[in-house]
Amino acid sequence: MTAEKVFKNPANLKRRKFVNSLMIFLCVVSSVLTILPLLYIFIYTTQSGISALNIDFFTKLPKPVGETGGGMANAIVGSGILIGIGGLIGIPIGILGGIYIAEYSKSFLAGVIKFTTDVLSGVPSIVVGIFAYGVVVLSMQSFSALAGGFALGILMIPTVTKITEEMLKLVPQSLREASLALGVSRWKTTLKVVLKTASSGIITGVLLAIARAAGETAPLLFTAFGNSFWQTRLDQPIAALPLQIFVYAISPYEDWHRQAWAGAFVLIFLVFVVNFLVRFVTRNKYS
Amino acid sequence: MTFADTEEEEPEIEQASDPSVIIKNAVTTKDLSVYFNKRPAIENINIKIKRNSVTAIIGPSGCGKSTFLRSLNMMHDMTPKAQVFGEIFIHGENIMDFNTVDLRKKVGMVFQKPNPFPTMSIYENVTAGFRLNGIGSRKEHDIIVEKNLVSAGLWDEVRDRLKTPALSLSGGQQQRLCIARTIAVNPEIILMDEPTSALDPVSSSKIEELIYNLKKDYTIVIVTHNMQQAARVSDQTAFFYTGRLVEISKTRKMFTNPKEILTEEYVTGKFG
Amino acid sequence: MFLDSSDSIEKFGLDFIFSRNWDPVREEFGALTFIYGTIVSSFLALLISLPISIGVAVFLSEIVHKSVRTSLSFLIEILAAIPSIIYGFWGIFVLAPFMRTTIQPFLQSVFGFLPFFQGTMYGTGLLTASIILAIMITPIITAITRDVLKAIPVSQKEAAYALGATKWEGIKMALLNARSGILGGAVLGLGRAIGETMAVTMVIGNKAQIKASLFEPAYTMASVIANEFAEASGGLQVSSLIEVGLILFGVTFIVNSMARLLIYSVTRKA
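Chains as they are written, first to last, in numbering that gives the first Met the number 0: chain A, 0 to 286; chain B, 0 to 271; chain C, 0 to 269.
Any given hint could be a false lead.
[What the hints assert, rightly or not] Below 27 Å or equal to it, Euclidean Cα-Cα: the simulated DSS-like pairs (lysine-lysine) are:
#1 B:K47 x A:K105
#2 A:K187 x B:K37
#3 A:K168 x C:K65
#4 B:K23 x B:K37
#5 A:K187 x B:K258
#6 B:K112 x A:K105
#7 C:K210 x C:K65
#8 B:K23 x B:K162
#9 C:K10 x A:K16
#10 B:K47 x A:K168
#11 B:K80 x B:K49
#12 B:K215 x B:K269
#13 B:K80 x A:K168
#14 B:K215 x A:K191
#15 C:K149 x C:K171
#16 B:K258 x B:K29
#17 B:K162 x B:K104
#18 B:K205 x B:K258
#19 A:K13 x C:K166
#20 C:K206 x A:K16
#21 B:K37 x A:K191
#22 A:K187 x B:K252
#23 B:K138 x A:K195
#24 B:K23 x B:K47
#25 B:K215 x B:K105
#26 B:K138 x A:K191
#27 A:K105 x B:K37
#28 B:K205 x B:K23
Just so you know, the hints here were simulated from the structure itself, not pulled from any lab data.
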């Protein structure tokens with residue numbers, strides 16, 4: 000057949016049109032398949048979670064096995080402490096890394112840092128947990144809030160670095176030049192003009208990192224370890240919301256499952272709120 | 000506006016190496032070349048700019064006008080892979096003897112697009128040079144704001160809303176704010192990189208008027224695309240073409256009786 | 000980590016990787032079953048997720064209107080942000096029963112002649128873990144694929160349409176041009192699946208065995224660390240678990256570096 004015949008052959012054209020519609024249909028199916036679990040998880044968690052949520056959940060300590068009632072107050076506070084420690088470690092390092100990559104992007108070191116953060120963001124969180132175990136738990140001879148916070152801090156670094164870099168790159172070069180032309184030094188320009196202009200974007204990035212850290216479970220298993228009592232000392236094992244959910248979820252008790260759903264709902268709610276916030280802030284920016 | 004210069008031609012060949020000449024002039028360059036990525040953007044530029052004068056730099060796009068201007072306050076150190084050769088003297092002092100921060104306090108710059116700091120109010124923008132360096136009291140800032148907004152011809156328009164964000168101003172007002180910000184730090188020389196190309200004609204004419212008024216206190220070097228503007232505001236004009244300085248003369252001479260054929264073709268619109 | 004695992008490295012040497020034996024009581028440790036579980040569950044997840052992810056990416060970048068695109072991308076971003084513990088929890092209570100009562104009997108009745116779909120249906124097991132993993136890595140692969148497709152010049156597609164190509168034929172060409180970047184996204188998703196811990200631990204059944212059937216429980220490297228590390232008795236078990244962690248780190252490091260280099264190679268050009 001000549002090319003012309005191939006092209007004008009009605010059967011051929013029909014087949015091509017059919018393949019076209021089929022493929023586009025499959026793309027639509029894929030999208031539906033992807034969104035379905037999200038909706039399912041969200042609705043299911045909300046349903047099971049809200050019905051189990053009450054004041055006790057936020058104010059009471061866990062009850063011993065066999066008794067119903069109680070709450071996760073210690074785990075919520077524990078998660079707060081762990082995230083606080085993690086933030087103190089992860090946020091400054093992450094922001095400095097992001098500044099370095101964005102403002103000194105042509106240097107070799109910046110390339111190395113960028114690659115390292117990209118790869119670090121793919122290191123399994125449980126491996127980070129082992130690292131924290133080796134560095135903190137072994138040297139303190141005890142599971143502790145510090146060890147858990149340290150692990151979360153390391154996990155926050157890549158997220159914060161990435162978003163800082165992206166936000167700083169959105170700041171127009173002309174602002175840097177305007178400041179430099181006024182006789183302001185490079186680092187003051189970075190700090191007081193560039194960073195300040197990008198601050199709302201960076202704050203959202205930090206929020207994202209916090210929301211992610213709040214849900215991390217694996218690295219806490221053998222660093223923060225968990226605790227069913229009221230405990231806020233940094234050198235002692237401490238409770239955390241995701242740890243408590245894990246323990247309750249794999250337990251055989253109905254009442255504990257209910258509480259675990261309540262905890263899961265709190266986490267998922269946090270994730271949603273932060274993501275909406277980020278969406279809202281970054282959309283109206285620099286457009 | 001009239002041409003400022005009525006005296007007869009100076010002898011054109013004045014040796015730039017003569018120290019008295021270097022000190023007398025606001026800006027002197029000797030064999031100034033700038034390379035980007037090993038490719039020349041401007042080559043062997045020798046220019047003298049007198050104090051309290053306005054020098055216009057004209058030429059087609061890509062001829063090196065902005066590159067020349069930005070080398071005068073070492074803005075090229077922001078650009079990786081830029082290399083600067085030759086010497087630049089500001090009031091007789093080699094700029095290599097300054098650190099960049101001090102140099103830029105002496106040599107201010109106004110950019111093509113108005114670039115007020117978006118996170119700051121009008122008031123804060125005028126005092127930005129002090130604020131960012133942590134200098135000056137509240138009272139001093141008040142005085143600086145009024146004085147420089149008056150000089151920039153913006154005071155009457157904004158005196159009631161100094162605390163509003165600088166971005167609430169119109170483009171032309173923003174550019175005058177940027178000029179106020181620049182003169183607030185008291186430079187000796189002001190570089191302007193096509194300051195009106197992003198503005199409407201009315202705003203442009205206000206800026207031109209401002210340039211004329213600022214001349215008594217400052218030395219101004221202005222890059223412009225617009226030959227009428229060069230003719231209106233400048234005392235001398237330099238014509239750049241493909242990275243070389245073709246001609247520098249008194250503005251009137253440049254536009255009526257240029258020495259070079261290339262200049263004549265450009266100013267009469269035969270190319271460019 | 001290398002130092003902390005030196006005991007186990009000295010004692011077992013290379014056998015560690017090839018031994019199926021994991022016996023804390025007799026202090027004999029070999030990681031083969033965990034390596035097997037990790038590899039099978041991750042690749043299976045990738046197999047499920049990759050075509051779907053490409054489909055979603057194409058849908059987002061080529062087919063759908065802009066307003067739908069932004070909200071759909073946003074939903075997919077959220078899918079990536081849900082903590083893995085919640086996936087696992089949902090897996091135990093919703094997905095596993097559904098697998099046991101619906102999907103697994105269906106697969107067995109249709110493909111029962113294959114060894115992969117024989118045996119008891121527990122609900123939890125390799126297949127269920129792979130499906131959870133597939134859900135979790137789809138947003139990652141989708142995002143990268145979409146970015147890579149965006150980096151392909153529009154003019155190429157327009158040229159194809161101008162020659163009379165159907166929409167799908169134009170898209171196919173773009174996909175072919177973007178293939179190394181898509182591969183990068185797939186490898187990145189694989190790395191995430193290999194390292195994923197909580198969700199897998201909760202649905203894979205945690206039984207150190209190598210069976211042909213995908214319905215059977217299995218164990219992964221990340222899960223064994225999660226389950227045994229805190230309660231490990233004796234230095235040799237801890238040391239062996241850290242060595243498992245070291246292997247996990249090494250594998251994900253290599254996989255992620257490869258992925259990044261592939262992705263850089265496409266997006267840099269644009």
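Evaluated hints:
no.	hint	verdict
1	B:K47 x A:K105	violated (35 Å)
2	A:K187 x B:K37	violated (31 Å)
3	A:K168 x C:K65	holds (25 Å)
4	B:K23 x B:K37	violated (34 Å)
5	A:K187 x B:K258	violated (47 Å)
6	B:K112 x A:K105	holds (25 Å)
7	C:K210 x C:K65	violated (47 Å)
8	B:K23 x B:K162	violated (42 Å)
9	C:K10 x A:K16	violated (64 Å)
10	B:K47 x A:K168	violated (38 Å)
11	B:K80 x B:K49	violated (31 Å)
12	B:K215 x B:K269	violated (35 Å)
13	B:K80 x A:K168	holds (19 Å)
14	B:K215 x A:K191	violated (33 Å)
15	C:K149 x C:K171	holds (14 Å)
16	B:K258 x B:K29	holds (22 Å)
17	B:K162 x B:K104	holds (25 Å)
18	B:K205 x B:K258	violated (32 Å)
19	A:K13 x C:K166	holds (14 Å)
20	C:K206 x A:K16	violated (49 Å)
21	B:K37 x A:K191	violated (34 Å)
22	A:K187 x B:K252	violated (45 Å)
23	B:K138 x A:K195	holds (25 Å)
24	B:K23 x B:K47	holds (10 Å)
25	B:K215 x B:K105	holds (16 Å)
26	B:K138 x A:K191	holds (22 Å)
27	A:K105 x B:K37	holds (17 Å)
28	B:K205 x B:K23	violated (31 Å)
Hint compliance for this structure: hints 1, 2, 4, 5, 7, 8, 9, 10, 11, 12, 14, 18, 20, 21, 22 and 28 are not met, and every other hint is.
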